[in-house]
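Build the full structure now, drawing on both the sequences and the hints.
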Amino acid sequence: MDWDLLLPLLLNGLIVGALYGVVAMSFVLIYKASQVVNFAQGEFLLVGAWVCWYFLTEWQLPFWAGFLFTMAFMTLFGIVLQVVVLRPLIGEPVISVIMATIGLGIFFQALMKWIFGVFARPFPPIFATERVDLLGLQVQPVYLMSLAISLVIMAAFAWFFTASKHGLAMRATAFDQQVAQSLGISVPKVFAMSWAISALVSSVAGVVVGVVNGVSSALSFYGIKVFPAVILGGLDSVVGAVLGGIIVGVLENLAQYVDAEWLHIGNMYAIAPFYALILILLVKPYGLFGTKNIERV
Amino acid sequence: MTAMTPAGDFRTSYRADMSLFATRNTRRAVIVGVLLLALLPLPSVLRQYLENGGGLAQSYDDFLALFDIGRYGLGLLIQIGFLGVAALGLNILVGFTGQISIGHAAFFGVGAFSSAWLHEHGLPVLLCIPLAGVMTTLVGTVFGLPAARLKGLYLAIATLAAQFIIEDFFARAQWFTGGVAGRGTEPPALLGFSFDREETYFYVVLVAVVLMFLAAANLMRTRDGRALIAVRDHYLSAEMMGINLAYYRTLSFAIASFYAGIGGALYAHYLQFVSVEAFNIGFSIQFLGMVIIGGLGSISGSLMGSAFMVLLPEVVQAGADAIAGGRIDQALKLGANISFLRDMVVGAVIILFLVFEPDGLAHRWRLIKAYWKLYPYSH
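Heads up: the sequence lines are chains A and B, in that order.
One rule links them: number in the working numbering = place in the first sequence (from 1) + 8.
One rule links them: number in the working numbering = place in the second sequence (from 1) + 4.
Don't read these hints as lab results, they were simulated from the structure.
Note that the Cβ used here is the ideal one computed from N, Cα and C, for glycine as well.
Zero decoy hints are in this set.
Among chain A residues calculated to face chain B with C-beta under 8 Å, some are:
(1) Val45
(2) Ser104
(3) Met107
(4) Lys121
(5) Tyr283
(6) Ile286
(7) Leu289
Here is the structure:
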């Protein structure tokens with residue numbers, strides 16, 4: 009065993025996994041509230057990161073201001089998408105809704121490439137120090153920031169769903185739309201809000217990844233990596249999404265380690281989660297925490 | 005989603021209900037249409053013959069030029085053909101059985117590589133194409149077996165995983181795909197005659213398209229075809245009537261893979277080169293777009309959808325060319341970014357169709373026909 013290689017990989021897995029968890033959470037949020045499977049989740053990250061990059065480099069805003077502007081923009085973006093594209097599709101078959109989100113994905117990916125080009129662009133540096141010493145490992149502060157932000161978002165979600173009025177309204181809508189409506193909850197508003205929050209949270213993840221790796225269209229791949237995470241955790245469980253994300257992040261890095269040490273197949277990092285996905289679907293399709301109402305035929 | 009006839013269903017006998025075409029005139033129109041299509045490459049061939057032989061007057065050449073759509077036009081038709089075959093397979097899966105697949109391009113790729121690989125092992129191309137279909141069916145069934153137990157969104161995600169796994173396999177299996185370099189192959193030949201140009205390959209694709217579309221139309225008349233539709237419309241009722249759900253879902257997956265394989269094989273021998281990077285998720289989504297734009301659950305719609313998808317970039321290109329050099333062009337940097345514009349249009353068109361015309365072009369076509377049939381007393 010090569011601990012010098014394994015430990016950083018595991019830590020990396022944890023950090024990336026926490027980000028997957030955040031994106032998966034915002035995916036689950038939309039699914040829970042409005043039963044829409046959002047194949048454009050990755051494009052939320054992409055749009056958010058590019059918009060923030062634009063504020064920081066073109067307008068020369070300080071990081072906190074650019075960040076706040078981005079969040080405001082993404083909230084609006086989510087609401088507009090829901091109202092313009094998804095609302096007319098309420099009641100349509102699952103396939104149509106999935107296709108609409110796929111269409112959104114293609115559209116925004118191409119638009120971002122058009123506006124900002126195909127090459128990765130770095131964010132202006134945010135931290136002064138290059139490395140921090142953590143348990144004997146040299147870690148970049150952005151990674152720690154990313155982990156911290158992930159944890160903050162998760163805590164915020166927990167508070168939102170258990171204590172805030174809107175969060176409770178959202179849970180009620182997810183549970184039963186008619187009953188929620190009869191209790192005076194505006195279901196269209198809840199739908200719009202779920203998209204707004206989802207876009208906002210995803211864009212935070214997008215900015216974090218952008219700060220670490222630079223912004224490029226590769227960001228939208230997070231939207232696809234989300235699927236193994238949410239299926240593993242159970243499609244409609246927020247806790248499951250977080251756990252699933254972390255497991256997938258660690259699994260990727262473990263697979264890479266196993267591959268580098270013994271197998272030498274190559275590309276295991278990218279492909280292992282999908283093998284895991286097929287296995288989970290075969291064995292336990294409702295995931296670790298999901299409601300077991302999936303019909304097996 | 006179902007085929008709607010504008011004002012009731014006037015068929016009086018079982019035989020009429022089972023007929024392949026709605027009316028005699030429809031059948032005649034289709035036959036004449038196919039024959040006209042078969043004439044399309046002739047002007048081009050004749051003109052080349054005249055050029056080489058000299059001899060005939062300029063006026064003949066001018067006359068022929070009117071009907072000559074050129075190699076490029078024929079190439080577009082060939083693309084519509086093989087993409088249409090694959091899209092028809094996806095339509096049988098999505099439109100007729102109600103199963104979704106986001107990995108169709110991967111199966112298309114399996115067909116392309118299988119055919120090229122078989123040909124390298126000494127089989128004649130015209131035999132390789134159907135065999136590639138069979139090989140793709142086998143691969144499709146492997147992925148279809150778990151899929152048979154899933155539906156809706158879970159199936160979408162499972163096929164997404166299949167897309168990535170197969171794509172990874174392409175990049176890795178050097179013996180099969182030629183690895184990063186890709187795999188070259190040859191055009192089909194029959195009795196020493198090689199179908200190596202657009203003018204001749206067109207006929208190979210035309211025959212394949214006619215055969216595959218007739219087969220699909222016939223499939224939908226059989227017990228199996230109606231079982232697929234029953235699975236889509238109400239799977240519980242279907243099961244109660246004695247339809248084995250898992251069997252028919254797997255069957256549908258296998259049929260879809262077969263069509264994808266044939267389409268892929270036709271693609272491989274047309275381009276004579278297959279690259280491992282061609283069959284990505286974007287291509288899969290394009291197939292879904294064709295099916296939705298053409299019309300879910302419509303056989304002719306698959307062809308309309310693929311025609312739309314093939315011609316759309318041409319229209320976008322023509323539009324961009326028309327305003328090239330102008331102020332809009334300079335402001336948007338259209339020339340360098342035309343591929344992104346195309347992608348955006350594809351995405352936007354998919355959404356617009358879903359919102360405004362969920363039954364696709366096939367439905368629009370029926371409405372147009374109904375309008376002219378009743379003209380001018382449409383109300």
